[in-house]
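**Student:** The residues making up each chain are set out below.
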Amino acid sequence: DVKVTQSSRYLVKRTGEKVFLECVQDMDHENMFWYRQDPGLGLRLIYFSYDVKMKEKGDIPEGYSVSREKKERFSLILESASTNQTSMYLCASTTGGDEAEKLFFGSGTQLSVL
Amino acid sequence: ILNVEQSPQSLHVQEGDSTNFTCSFPSSNFYALHWYRWETAKSPEALFVMTLNGDEKKKGRISATLNTKEGYSYLYIKGSQPEDSATYLCAPRLYNQGGKLIFGQGTELSVKP
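Protein sequences, first through last, are from chains A and P.
Numbered per my numbering, the first sequence finishes at 114, counting up by one with no gaps.
Numbered per my numbering, the second sequence finishes at 113, counting up by one with no gaps.
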């Protein structure tokens, strides 16, 4: 089974801190994604990557950056955390290239910024 | 901003009831439609990926239909069980969105024993 692992299930940080959310997948997937989930809203795409060292902005990239130095790892960085970044963050991966491809998700990181 | 609407937002049913949800999406530039189930404290997992108009897919007691011409998909659960309690997410993939999935806000299902 494909496994997508997010480093933390719960995280509490202070405003202004630099925050790293890590995601690792073990199935050699090309594509990796970071989403956030907020009550009453659908999953919103923050950033995605189609290859190592490649990144593309999603729908809500402001306040975030990403890093993909190795194929299996995709990191989401909050340069200076703010309270409006309190949210559930989900990482996902997929092989790429096929419209019928499903996403494989991690179990999420609930981030609270105080 | 593309509109993907799921209805109802939440649903409370008794064990044994059958239920259905709706996902509405823009019908132009259609590529594929995904359904995911997200149980509390777990990862969202794919139920179906549908690509053809008129497609019907089934997985146990859960089935889905797709109408790409009018832009909607129905998800049916026959004889709901407490373990079906979850949030059900739909997400179309459209050609003019660079292949990205656009998620609806989800339908939260609660099945009481």
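Worth flagging that the hints you see were computed from the coordinates, not collected in a lab.
Owing to the predicted nature of the structure, the values given are computational and were not obtained by experimental measurement.
Some clues are possibly wrong.
[Claimed, not checked] Restraint ranges, calculated between C-beta atoms of paired labels, are given here: (1) A:15 <-> P:56: 46 to 56 Å; (2) A:18 <-> P:41: 42 to 52 Å; (3) P:16 <-> A:82: 25 to 35 Å; (4) P:51 <-> A:41: 20 to 30 Å; (5) A:15 <-> P:42: 27 to 37 Å.
A virtual CB, placed ideally from N, CA and C, is assigned to each residue, including glycine.
**Student:** Against each hint, give a clear statement of whether it holds in the structure.
**Tutor:** Each hint tested on the structure:
1. A hinted range of 46 to 56 Å for the beta carbons of residue 15 of chain A and residue 56 of chain P is consistent with their spacing of about 50 Å.
2. For the pair residue 18 of chain A and residue 41 of chain P, the supplied restraint of 42 to 52 Å is violated, since their beta-carbon distance comes to about 27 Å.
3. Range check, residue 16 of chain P to residue 82 of chain A: Cβ separation about 47 Å, and the 25 to 35 Å hint is violated.
4. Against the hinted window of 20 to 30 Å, the Cβ-Cβ separation of residue 51 of chain P and residue 41 of chain A comes to about 26 Å, which satisfies the hint.
5. For the pair residue 15 of chain A and residue 42 of chain P, the supplied restraint of 27 to 37 Å holds, since their beta-carbon distance comes to about 30 Å.
Hint violations for this structure: numbers 2, 3, all remaining hints satisfied.
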